[in-house]
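Using the sequences provided together with the hints, build the complete structure.
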Amino acid sequence: MRAHIIQIGNSQGIRLPKALLEQSGISGDVELEIHQGGILIRNAAMPRSGWDEAFKAMAENDAEDGFESLPNQFEKKEWQW
1 MRAHIIQIGN
11 SQGIRLPKAL
21 LEQSGISGDV
31 ELEIHQGGIL
41 IRNAAMPRSG
51 WDEAFKAMAE
61 NDAEDGFESL
71 PNQFEKKEWQ
81 W
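Numbering (the working numbering), first residue to last: 1 to 81.
Keep in mind the hints are simulated off the structure, nothing from the lab.
A quick note: this is a predicted structure, and the numbers were derived from the prediction, not measured.
Treat the hints with caution; some may be incorrect.
[Unchecked claim] Derived Cβ-Cβ restraints for the label pairs, each shown as a range:
(1) S11 x H35: 50 to 60 Å
(2) E22 x A59: 31 to 41 Å
(3) K56 x Q36: 27 to 37 Å
(4) F74 x L16: 39 to 49 Å
(5) N72 x P47: 12 to 22 Å
[As the list claims (entries may be wrong)] In the SDA-like style, the derived pairs of lysine to any residue whose C-alpha atoms are separated by at most 20 Å in a straight line are:
(6) K18 x D29
(7) K18 x R42
(8) K18 x L32
Built from N, CA and C at the ideal position, the CB exists for glycine as well.
What follows is the structure, given as structure tokens:
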């Protein structure tokens, strides 16, 4: 698919067809990345997605120690028992 770069105020942009966005699942915030002579557009990463549900499930299951039972790098490498 070809597109034309247009002037948008002091910037430039590309109009993306609605069907293209719907098929790709892209909406809202996006990440732009220079990629081998082009620009890659993808959905913005949400690194903490699902944390709210996980914390609610922990509370419902009376997970008293929270993160205490999870291994961590400090205990593995730096702490001397």
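Hints and how they fare:
The hint said 50 to 60 Å for the Cβ distance between S11 and H35, and at roughly 20 Å that hint is violated. The given range of 31 to 41 Å is respected by E22 and A59, whose C-beta atoms sit roughly 37 Å from each other. Against the hinted window of 27 to 37 Å, the Cβ-Cβ separation of K56 and Q36 comes to about 42 Å, which falls outside the hint. Checked against the hint of 39 to 49 Å, the pair F74 and L16 passes, with Cβ atoms roughly 46 Å apart.
Separation of N72 from P47 is about 18 Å and conforms to the stated range, judged on CB atoms against 12 to 22 Å. For the proposed pair K18 and D29, the alpha carbon gap of about 16 Å is at most 20 Å, so the pair holds. Annotation: proposed proximity of K18 to R42 holds, straight-line Cα distance about 15 Å (limit 20 Å). At most 20 Å may separate the alpha-carbon atoms for a hinted pair to count; K18 and L32 meet this at roughly 19 Å.
Hint violations for this structure: numbers 1, 3, all remaining hints satisfied.
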